[in-house]
Amino acid sequence: MTQKLALGKALNLGLRRAMEDDPKVLLMGEDIGRLGGVFRITDGLQKDFGEDRVVDTPLAEAGILGTAVGLAMRGYRPVCEIQFDGFVFPAYNQLVTQVAKIHNRSRGKLPMPIVVRIPFGGGIGAVEHHSESPEAYFAHTAGLKVVAVSNPVDAYWGIQQAIASPDPVIFLEPKRRYWEKAEVDLDAAPGPLFASRVVRGGDDVTLLAYGPMVKTALQAAEAAAEEGRSLEVVDLRTLSPLDLDPVFESVRRTGRCVVVHEAPLTLGLGAEIAARVAETCFHSLEAPVLRVGGYDTPYPPSKLEEEYLPDLDRVLDAVDRSLAF
Amino acid sequence: MTQKLALGKALNLGLRRAMEDDPKVLLMGEDIGRLGGVFRITDGLQKDFGEDRVVDTPLAEAGILGTAVGLAMRGYRPVCEIQFDGFVFPAYNQLVTQVAKIHNRSRGKLPMPIVVRIPFGGGIGAVEHHSESPEAYFAHTAGLKVVAVSNPVDAYWGIQQAIASPDPVIFLEPKRRYWEKAEVDLDAAPGPLFASRVVRGGDDVTLLAYGPMVKTALQAAEAAAEEGRSLEVVDLRTLSPLDLDPVFESVRRTGRCVVVHEAPLTLGLGAEIAARVAETCFHSLEAPVLRVGGYDTPYPPSKLEEEYLPDLDRVLDAVDRSLAF
Amino acid sequence: MTALQQATEVVDPVPGAQAPHLPGQPDLVQLLTPEGERVEHPEYSIDVSDDELRAVYRDLALVRRWDVEATALQRQGELGIWASLLGQEAAQVGAGRAMEAGDMAFPTYREHGVAWTRGVDPLHVISLFRGVDMGGWDPIAAGLNLYTVVIGAQCLHATGYAMALQRDGAEHAALAFLGDGATSQGEVNEAMIWAAAFSAPVVFFCQNNQYAISVPIERQSRVPLYQRAAGFGFPGVRVDGNDVLAVLAVTRAALAAAREGQGPTFIEAFTYRMGAHTTSDDPTRYRLGGELEQWKLRDPIARLKAYLSRSGIADAAFFDGVDAEGDELAARIRKGTVEMPAPAGTEIFDSVYAEQTPELARQRAEFVAYHEGFEEAGE
Amino acid sequence: MTALQQATEVVDPVPGAQAPHLPGQPDLVQLLTPEGERVEHPEYSIDVSDDELRAVYRDLALVRRWDVEATALQRQGELGIWASLLGQEAAQVGAGRAMEAGDMAFPTYREHGVAWTRGVDPLHVISLFRGVDMGGWDPIAAGLNLYTVVIGAQCLHATGYAMALQRDGAEHAALAFLGDGATSQGEVNEAMIWAAAFSAPVVFFCQNNQYAISVPIERQSRVPLYQRAAGFGFPGVRVDGNDVLAVLAVTRAALAAAREGQGPTFIEAFTYRMGAHTTSDDPTRYRLGGELEQWKLRDPIARLKAYLSRSGIADAAFFDGVDAEGDELAARIRKGTVEMPAPAGTEIFDSVYAEQTPELARQRAEFVAYHEGFEEAGE
Ligand SMILES: Cc1ncc(C[n+]2csc(CCOP(=O)(O)OP(=O)(O)O)c2C)c(N)n1
Ligand SMILES: Cc1ncc(C[n+]2csc(CCOP(=O)(O)OP(=O)(O)O)c2C)c(N)n1
Ligand SMILES: [Mg+2]
Ligand SMILES: [Mg+2]
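Quick mapping for you: the protein sequence lines, in order, are chains A, B, C and D. In terms of this note's numbering, the first sequence opens at residue 1 and continues consecutively. In terms of this note's numbering, the second sequence opens at residue 1 and continues consecutively. In terms of this note's numbering, the third sequence opens at residue 1 and continues consecutively. In terms of this note's numbering, the fourth sequence opens at residue 1 and continues consecutively.
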């Protein structure tokens, strides 16, 4: 059965299904119960599953992740919502020193099947701390897995796969795409969670993106096609572990690679990808891997965000520079 | 006047001089007063400058950084000690959302001349959380500056320069080198803080390191020299902003580059450097930038740390691979 | 309904909240009943001139007018979002007016009433919500820190600022604002621990408006919030947050104690957020039926107006005058908002550091060149 | 010196610490005076058989023996570091023995006495300090979480575990250990806030050993720590932490209340760290003169021994037997430590994830190949 779903609604249905499938799944977060979350991703779930499984928490992110650890120790699968990307930092200590390390510390005796849902990225005209892209902090942290979904299908299946994962997963949701719709097949998962995917074939340049930037990349490829340039677009999907084999294969054909993300350039995901692509495809590269990212500045006031965020033009500019190299 | 000083003692003298020079400088941290710090870096300072300027704080890292913000707002220059690298994470929210952003938020009206001293890195046989290399988390954070010293001279001058800096500086101290000695000229600073430095000339491969790994890199260069290979060693010194011009110059000559750090490989500093070196020196590179780092795992129990940490052999192995490319 | 019945209804426990108390019940400080009667409190008294009373009323009324206008501007697409203070005017104006020059306030994102008392231009606050900047006023000059969005972070800043005041021998105090939800944040509790440990001259002013977005106060604490302070070793007091005189008295006393070296106080101003959390919020999803109506009977402005009228301190002409002033203010705010110049793109780069980095200078130059490219291309 | 004089001296305020109190002073629960007299407390009584009393003594003595041996092993280079529990045996054994099967303890890095009561092999604890692993026992099977080094983090874990117990309808409780210094961490305070909000069956057991490394308790709190709990809305109690019977009684009562759905309790076990913070520490730099001597008079083991001897519950043969057992234990620990196999290098990679990642598998393979290269080269 397929259904046309907005990305946010697909997450809602995915969460519902995960909760139906496994009574140990529980949701925790600020305002996720009675309100259904500030983005309504958990809408209706507390009503149907009760206050013990959809927990409106005190206003304390360390508390959310820290208690999730204890719940996981008794076999629960907590799905924690962080209200906005910029508010994950009070939980950082628990995430980095505990959630990420306990499986290893216990030599596997204490699995940590915790999912941390974070609406991330900019473009919604918000005030400070509501538009951040903190993925590199997590991808640099051994013991965590990090995924970023870009579309309703991956949202619906991805959240269920993340919850089923025995490892902690930082699940990044492209908040400005919550309202974008697509047909979702509710019967069959389209493939594994920790895999990247070529979403458009092409020969001239390999273009990598994830989360909200996938749409931008596809638009850029469309525009480039009109000018006779054929871009292959890869949706990275998993940021840790990275799944670069399809990228290497692509770059070996195209010889050129551009990575796009909203996060600040320096030590953003593009850095790691550039390093690995160069190492693996050294002799195929006709230009260095070019990166299009946010600038190395705090996220600006919203009147400036269009100038801060990578857009179609900046992506095409990088493609041009790559081709001209 | 020169004096032979251990790195830790050089820091102690540097702090003392900064406190003498500027009455607004104050030190804050756990056990830094009566005890003089667990590494004795602040030894004797409370006695001489009093409890108001060398503050033994409650046991709360967010508290240390958060109150430092308020002190800085009234013109103080707080120098915060984080007892060990692994304990900076409770302060992460204050660091990333406040310390790093307040100058920008206020459009320059509220400078944040805060120094965060962190003894970092492994090799001292410690238990969990005492051997971490969290520098990439900070270097990815716009608004912070990050330096890592490798020797007593830079320690003595660097801490004073960091304190004098109007911007927040994460000041990384290579804890396992605290006891290494060198002659320090107490009269003239050897150069600016935010600059890398070629510490050994060479022609075959450019080897980059910072903090504790500089010594390892120099040893590797020594060993390589015996086999007839000439390595140029650059002490990066400043991790944010990076100062790569001397590196580019070097790589243009050698065509090969190896970066070493203790931090996990993925999204460690090596990633950014590899990306930039490739972008800037694309046509000069005869091999991809190779990285020698910690593995993408939590820091292991101390009986395994020698196998975890980059050492002379692993550096030379990478040099060989670079040359063989 | 008699006045007494109405009074009884007004002060009834509010469903779903730790109830406010009858006038005179010792743990809720009240100097003005919901009906506008002046009452005395054994520990807190206040001496306010008629002029000052009228000025307080004016503050309350103008701040509300500003707030209403900002909400309208948001609805019309001129602001990205707006966090309304509706219902909390007395708590904010009372606290703000208790401050002296040299004291420093550390607001959250909702303290427009405090900003007003510190003389900050409403347009500076609005520019933040319009997305033009992050608050354009000079924090030190105004004695008001910039708004802080990360819940509770400012409490530590206030405590550190108070430690600086101690070191400077300055007889001033810091006033940290926080919400009921914020009391659950670790950093907020650390701030109280530090304030106690150093006897820092800081007052924690918590507006318990019964909700953290949708989450009612019981999820944060089963006992009245003001009692938290005793556990850290300093006094806590609960004041009727809709009673501007009581707030003024209690906050003045706490600030005076702080300035005199007696250390911190925690003030819980018991109030209610009569509007939505922000313009993005839909309170009908979580508010209990009748709750809002109950609280409307406790309106902080109506109460002072009743007192001023009844006691003859202000007449209709005065109130008309304030209304007219409100209309002017609203017009100025509207005009100032829609005419607010958009920031230059290069501002993204210019204040990240006090000493610009070469890398960021490079990114800025690239940015400029890139955009000049478009201009040249006539795009 | 008469017994009374000695008693008076023993219980005198300890310089630099919130003073312990005379027996009978209501806020310090004591059932056994420093001289080994059984006293009664109005709220806490305990019924312990002679067998159990002897077993308790045996626990205390063997745990101390283990600790002394571990300190010696560290001095001889066999351990990287050791965190001694010297002086805190009664607090730990009392708390540990109060637990039932099914309860879960969340220790810091110093709760060797608790580990002992949970039946964890000392060598499992020692392997952590030797750097072989991070604690080799099975936490769930033992009812003892792994040691947690980041101050306070385990308090939230315990609270979450208690929330899981509630959801499972399991009539067990979680017991979170923390130090006096830890009470300043935001996360610890959040744990108490959560425990109160959810009425979670968790007991916070704080060993106030007067210091956080070098920092005395006054820097963390000006008021007795047990009073913190009231601010969060649940009971706090201060017990003589060197009195194993009082600790047992108080902890049993708190755990029972938690299991019965009455929510959390905070226990402050007032004690003293008679050794260094760890073997890396030099307490002469910060300890006040005479302080240690004062506390030696309150030794938790001597006290129980005095009571057992005086009351005839144990005789010299019993004590000799325990001593002999201690020597055997020490020998076993020594042998087990020095013979502990070094971990395989590949263990670095093998437990990072439940589902290994391809990238880490690749790094592991490279690691293996690299080291095989050395072996082949005969290096
Ligand atoms: C650390 C953090 N977490 C979450 C948020 C999102 N958020 C904004 S306001 C709010 C509720 C705050 O409630 P309260 O402290 O009672 O203040 P009020 O809004 O009622 O004035 C939340 C959860 C935030 N801003 N910061
Ligand atoms: C978050 C954090 N900060 C700092 C440290 C370093 N540290 C280890 S033990 C300790 C003191 C702990 O004092 P207390 O809580 O009283 O426990 P005790 O050691 O006295 O048993 C400190 C500061 C740490 N382990 N974790
Ligand atoms: Mg509120
Ligand atoms: Mg202690």
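Do not rely on the hints blindly, as some may be mistaken.
Stated by the list, open to error - Which chain A residues face chain B? A few, computed with CB under 7 Å, are given here:
1. K101
2. Q219
3. A223
4. E227
Stated by the list, open to error - Below 27 Å or equal to it, Euclidean Cα-Cα: the simulated DSS-like pairs (lysine-lysine) are:
5. K296/C with K303/A
6. K181/A with K215/A
7. K47/B with K4/B
8. K215/B with K303/B
9. K305/D with K303/B
10. K109/B with K47/B
11. K109/A with K181/B
12. K215/B with K47/B
13. K4/B with K215/B
14. K4/A with K181/A
15. K109/B with K303/A
16. K215/A with K109/A
Keep in mind that the hints were calculated from the coordinates and are not lab data. No residue lacks a Cβ here, since even glycine has one placed at the ideal position from N, Cα and C.
Status of each hint after checking the structure:
1. The interface hint given for K101/A holds, since its Cβ lies 5 Å from the closest Cβ of chain B, which is under the 7 Å cut-off.
2. Among the interface hints, the one on Q219/A is violated; its C-beta lies about 25 Å from the nearest C-beta in chain B, farther than the 7 Å criterion.
3. Taking 7 Å as the C-beta cut-off, the interface hint given for A223/A is violated, the closest approach to chain B being about 24 Å.
4. Annotation: interface hint on E227/A violated; nearest CB of chain B at approximately 24 Å, more than 7 Å.
5. A hinted pair counts as satisfied when its Cα atoms are at most 27 Å apart, and K296/C with K303/A does not qualify at roughly 36 Å.
6. For the given pair, K181/A sits about 12 Å from K215/A by alpha-carbon distance, which is consistent with the 27 Å threshold.
7. Our distance criterion of 27 Å between C-alpha atoms is met by K47/B and K4/B, whose separation comes to about 24 Å.
8. Restraint check for K215/B and K303/B: satisfied, since their Cα atoms lie roughly 22 Å apart, inside the 27 Å limit.
9. Only pairs whose Cα atoms come within 27 Å are accepted, and K305/D paired with K303/B is rejected, the gap being roughly 40 Å.
10. Taken as a hint, the K109/B and K47/B pair is broken in the structure, with Cα atoms around 35 Å apart against an allowance of 27 Å.
11. In summary, the hint linking K109/A to K181/B is not supported, as the alpha carbons are separated by about 44 Å, beyond the 27 Å threshold.
12. Under the criterion of a C-alpha separation no larger than 27 Å, the hint pairing K215/B with K47/B is inconsistent with the structure, at around 34 Å.
13. Of the supplied pair hints, the one linking K4/B and K215/B holds, its CA atoms being roughly 18 Å apart against a limit of 27 Å.
14. For the given pair, K4/A sits about 6 Å from K181/A by alpha-carbon distance, which is consistent with the 27 Å threshold.
15. Between K109/B and K303/A the CA atoms are separated by roughly 21 Å; this keeps the pair inside 27 Å, and the hint holds.
16. Between the alpha carbons of K215/A and K109/A the distance comes to roughly 41 Å, so the proposed pair goes past 27 Å and is violated.
In summary, the numbered hints that this structure violates are 2, 3, 4, 5, 9, 10, 11, 12 and 16.
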